[in-house]
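2 protein chains.
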Amino acid sequence: MCLNRAGLSARGSVVLQMDNIRTSVEKMEKEKTLDLRKKHIGPSCKIFFSHDPIKIVQARGQYMYDEKGQRYLDCINNVAHVGHCHPDVVKAGAQQMELLNTNSRFLHDNLVLFAQRLQATLPDRLSVCYLVNSGSEANDLALRLARQYTGHRDVITLENAYHGHVSSLIDISPYKFHQLSDAERNPFVHVAPSPDVYRGKYRADHPDPATAYADEVKALIDGVQAEGRKIAAFIAESLQSCGGQVVPPVGYFQQVAEHVREAGGVFIADEVQVGFGRVGTNFWAFQLQGEDFVPDIVTMGKPIGNGHPLSCVVTTKEVAEGFVSSGMDYFNTFGGNPVSCAIGLAVLDVIAKEDLQGKALCVGRHLSALLEQLKEEHPLVGDVRGCGLFVGVELVRDRLMLTPATAEAQHVIYKLKEERILLSADGPHRNVLKFKPPMCFTKEDADLVVEKIHLILTELEEGLGLKMSNKAKMENDSIKRKRPSSSLHSRGSSQDVQHAKHIKA
Amino acid sequence: MCLNRAGLSARGSVVLQMDNIRTSVEKMEKEKTLDLRKKHIGPSCKIFFSHDPIKIVQARGQYMYDEKGQRYLDCINNVAHVGHCHPDVVKAGAQQMELLNTNSRFLHDNLVLFAQRLQATLPDRLSVCYLVNSGSEANDLALRLARQYTGHRDVITLENAYHGHVSSLIDISPYKFHQLSDAERNPFVHVAPSPDVYRGKYRADHPDPATAYADEVKALIDGVQAEGRKIAAFIAESLQSCGGQVVPPVGYFQQVAEHVREAGGVFIADEVQVGFGRVGTNFWAFQLQGEDFVPDIVTMGKPIGNGHPLSCVVTTKEVAEGFVSSGMDYFNTFGGNPVSCAIGLAVLDVIAKEDLQGKALCVGRHLSALLEQLKEEHPLVGDVRGCGLFVGVELVRDRLMLTPATAEAQHVIYKLKEERILLSADGPHRNVLKFKPPMCFTKEDADLVVEKIHLILTELEEGLGLKMSNKAKMENDSIKRKRPSSSLHSRGSSQDVQHAKHIKA
Numbered sequence: 008m009c010l011n012r013a014g015l016s017a018r019g020s021v022v023l024q025m026d027n028i029r030t031s032v033e034k035m036e037k038e039k040t041l042d043l044r045k046k047h048i049g050p051s052c053k054i055f056f057s058h059d060p061i062k063i064v065q066a067r068g069q070y071m072y073d074e075k076g077q078r079y080l081d082c083i084n085n086v087a088h089v090g091h092c093h094p095d096v097v098k099a100g101a102q103q104m105e106l107l108n109t110n111s112r113f114l115h116d117n118l119v120l121f122a123q124r125l126q127a128t129l130p131d132r133l134s135v136c137y138l139v140n141s142g143s144e145a146n147d148l149a150l151r152l153a154r155q156y157t158g159h160r161d162v163i164t165l166e167n168a169y170h171g172h173v174s175s176l177i178d179i180s181p182y183k184f185h186q187l188s189d190a191e192r193n194p195f196v197h198v199a200p201s202p203d204v205y206r207g208k209y210r211a212d213h214p215d216p217a218t219a220y221a222d223e224v225k226a227l228i229d230g231v232q233a234e235g236r237k238i239a240a241f242i243a244e245s246l247q248s249c250g251g252q253v254v255p256p257v258g259y260f261q262q263v264a265e266h267v268r269e270a271g272g273v274f275i276a277d278e279v280q281v282g283f284g285r286v287g288t289n290f291w292a293f294q295l296q297g298e299d300f301v302p303d304i305v306t307m308g309k310p311i312g313n314g315h316p317l318s319c320v321v322t323t324k325e326v327a328e329g330f331v332s333s334g335m336d337y338f339n340t341f342g343g344n345p346v347s348c349a350i351g352l353a354v355l356d357v358i359a360k361e362d363l364q365g366k367a368l369c370v371g372r373h374l375s376a377l378l379e380q381l382k383e384e385h386p387l388v389g390d391v392r393g394c395g396l397f398v399g400v401e402l403v404r405d406r407l408m409l410t411p412a413t414a415e416a417q418h419v420i421y422k423l424k425e426e427r428i429l430l431s432a433d434g435p436h437r438n439v440l441k442f443k444p445p446m447c448f449t450k451e452d453a454d455l456v457v458e459k460i461h462l463i464l465t466e467l468e469e470g471l472g473l474k475m476s477n478k479a480k481m482e483n484d485s486i487k488r489k490r491p492s493s494s495l496h497s498r499g500s501s502q503d504v505q506h507a508k509h510i511k512a
Numbered sequence: 008m009c010l011n012r013a014g015l016s017a018r019g020s021v022v023l024q025m026d027n028i029r030t031s032v033e034k035m036e037k038e039k040t041l042d043l044r045k046k047h048i049g050p051s052c053k054i055f056f057s058h059d060p061i062k063i064v065q066a067r068g069q070y071m072y073d074e075k076g077q078r079y080l081d082c083i084n085n086v087a088h089v090g091h092c093h094p095d096v097v098k099a100g101a102q103q104m105e106l107l108n109t110n111s112r113f114l115h116d117n118l119v120l121f122a123q124r125l126q127a128t129l130p131d132r133l134s135v136c137y138l139v140n141s142g143s144e145a146n147d148l149a150l151r152l153a154r155q156y157t158g159h160r161d162v163i164t165l166e167n168a169y170h171g172h173v174s175s176l177i178d179i180s181p182y183k184f185h186q187l188s189d190a191e192r193n194p195f196v197h198v199a200p201s202p203d204v205y206r207g208k209y210r211a212d213h214p215d216p217a218t219a220y221a222d223e224v225k226a227l228i229d230g231v232q233a234e235g236r237k238i239a240a241f242i243a244e245s246l247q248s249c250g251g252q253v254v255p256p257v258g259y260f261q262q263v264a265e266h267v268r269e270a271g272g273v274f275i276a277d278e279v280q281v282g283f284g285r286v287g288t289n290f291w292a293f294q295l296q297g298e299d300f301v302p303d304i305v306t307m308g309k310p311i312g313n314g315h316p317l318s319c320v321v322t323t324k325e326v327a328e329g330f331v332s333s334g335m336d337y338f339n340t341f342g343g344n345p346v347s348c349a350i351g352l353a354v355l356d357v358i359a360k361e362d363l364q365g366k367a368l369c370v371g372r373h374l375s376a377l378l379e380q381l382k383e384e385h386p387l388v389g390d391v392r393g394c395g396l397f398v399g400v401e402l403v404r405d406r407l408m409l410t411p412a413t414a415e416a417q418h419v420i421y422k423l424k425e426e427r428i429l430l431s432a433d434g435p436h437r438n439v440l441k442f443k444p445p446m447c448f449t450k451e452d453a454d455l456v457v458e459k460i461h462l463i464l465t466e467l468e469e470g471l472g473l474k475m476s477n478k479a480k481m482e483n484d485s486i487k488r489k490r491p492s493s494s495l496h497s498r499g500s501s502q503d504v505q506h507a508k509h510i511k512a
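Chains as they are written, first to last, in the working numbering: chain A, 8 to 512; chain B, 8 to 512.
There is no bait here: all hints are sound.
Copies of the same chain look alike in the list, so a pair counts if it fits in one copy or across any two.
Listed next, the in silico DSSO-like pairs over lysine-lysine satisfying Cα-Cα at most 27 Å (straight line):
id	residue 1	residue 2
1	K34	K98
2	K422	K75
3	K225	K237
4	K98	K37
5	K46	K62
6	K34	K360
Keep in mind that the hints were calculated from the coordinates and are not lab data.
Let the hints inform the model, and build the full structure from the sequences given.
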């Protein structure tokens, strides 16, 4: 069921009210904020729209408000999963803060209830939780679990992957470490091709890209083993986010898991960006691969606490027991405290109560259909892909050469900002428009942002003298013919039919 | 000024009120909580008093309440720095949660105000902040900063040190990695002797333990350099906590910093356990070494958010600019969000408003004086050391051999629990009673816990047939003669006079 109308009306009053509020929450002029930031905040911490940054003082639902009370439509903050400052989440956090906030060395109901509720969303095998404070802490712990359980050390990661900011994760994040020299790279880490059927090694025209990409992992494992090294884990975002909203072909994870387990390693699914119903058809994005796929370790983050620093690692009893055998306790000062868990429980409640997963499916289909239309009209739109409210639009200067339209993507972002719409561009070429809005995003919001992009692209293409070629049109038509229904999620590849079967199943 | 009386009366009414509340916050029977915990929480996550764990449902000030409404005096939770569930902190957090909680890529006043306020507590050189979510994230980032700035890789850490739970920090935490085989240890990490003047290599009877321990670091650096390796950093807790409440001799850090900087490395002071006024005489524990000592990087954690997942790294402009040169941005999803910063600001406000640093000095002196008395009466008490409300009592079976009284320390802890007092034992031999209570801990609280320990030790010693020998008495007397005033902090060493000068200055 799509709760679009109900969601809108329920929020409508709030939004109007917020618009009328003259925000009194600014403590200093924007210029002063910027000056202090330059003085006291590490210059490596970058700001959105650095030429003209935004000062946000308030937010609600899918809207953010600047110091002048101007409203921005938020298409990027997947962290504010159930909507900015959702009253149920705020209330749960505030009430628990007043009662107790302490560490998990004391027994507390919130911790075990939250773990039980998370477990209920996962295959039975994944039954043991570790509550931590960030996706980085979760992925680091996942590596420690994998290494301790397997007794192996080496890790396979994907091209363009991003798994976090602590040292051990920079090591396995090509999105970050591509800037480093070879000498600075970790010899225990091996990079497999990104299973990107648009720009990758095997594309939509390949008869079986899932197997082809999985075979690459197998070959990598064989090479590593030939050097006397041993595989502890394969880690992948269930859908690559910073890497350019990449959707791996169905069946890829199953085959990779088989190869990795055969080598004595485990499969880590990183759901930090994409979990908690965002993909619409499923609660977890790894489930897009089919019910026959179960990872050994799942990591969660960003949306889990709607902005509160909270994350989780879930694994099997076997892996958890293997970790004990090191004799080393695991203690995380803030991890799993009663406030974090109260907030985590409230987020799960809101997802269920407001059927946000169903809404992501419904609004996501609408958004993808609109973006597919854009692709038919605009030569700059090379690919539209994603699931639910996790969608990427790859801009290219040339649909055959796939020349990244990086500057154009930046132009779109900045122009949208003028229209008070927040969108970002990412991917290795920074040419992929990334949609991952709060899950209360509506069809009307989708209409608005796509209409604005249409106008911006029209103007851009006119300036560039770009026109839709007959060939591109034909290509589009041929893709359309392969697509069973326009309401289905876009994949921009011949995998659509197979994917559609899974969604319907 | 000591706010003891005012603090007590202000909290008195709250405490009485809480005692009368029939807590209705338990959602299931304790047995059920324990069962679910066994099922769904990683078995490496240990619980206090594992034979008979405590279920805590509420807390306020220095008191925690179990599911039956029984009140425990909390002597261990330094995280609840300004008192459990301090209303000012709760209010600040709840109000900001309702307004906005988003990432630091948007400009926000709370972030820059908090950074500015933190900077104001530090020497001017330390002016650039990175807000993160945990002490572990802070220390990992400190290592990244040090390595990027120096271009070096190797790290010197102290025996028994604990710096966090992520992979890179297990590597530099002998408290953790002592369980690992040599093959599992990181070749880039070098361990210097703990500057422990009670049990370490150079003791109270040494004419200049500060220089002796610093020379050990110098020798280590020379050895490392002879192998062609280069020092990126020396890292130390300003006062070792898990390592057994160790207070380094005054002047040690200055000399180490000189050696490390000469080798091209930086000095990282880990204030995660001991910062924010706990030591009483100073806001930061590294300042106990004297005003002539300034670290290159300071990491903060636990008390900074009174339990909220918040931490910080502060460094110099030069180190921060060196980090930029990697070309790699630093982004932390939750780090420095408006809610975390509002809470951090509220904690700083409460410390100032309630003069908690002054209170820590005053109550800490009282506590230490009482514990010194215990030492005179009880042969099991080998050493009393610490500053402010960070105090350790080392139990030994024999004052000359320093045989650790590990079982006795555990006995004391369990007996205190029966009296509804929470204390813990730590250190490499788990024989050091660790005091690090919320800073609203009062003289009366100190009287109570020390009286209970006195009774427990009396019974224990009777059972063991231990009596205060004349020799031990003489040793005590000789130490007393060297101590200028009984109200001064204990160091259990001949460093007292030097230390006293610093405190008075």
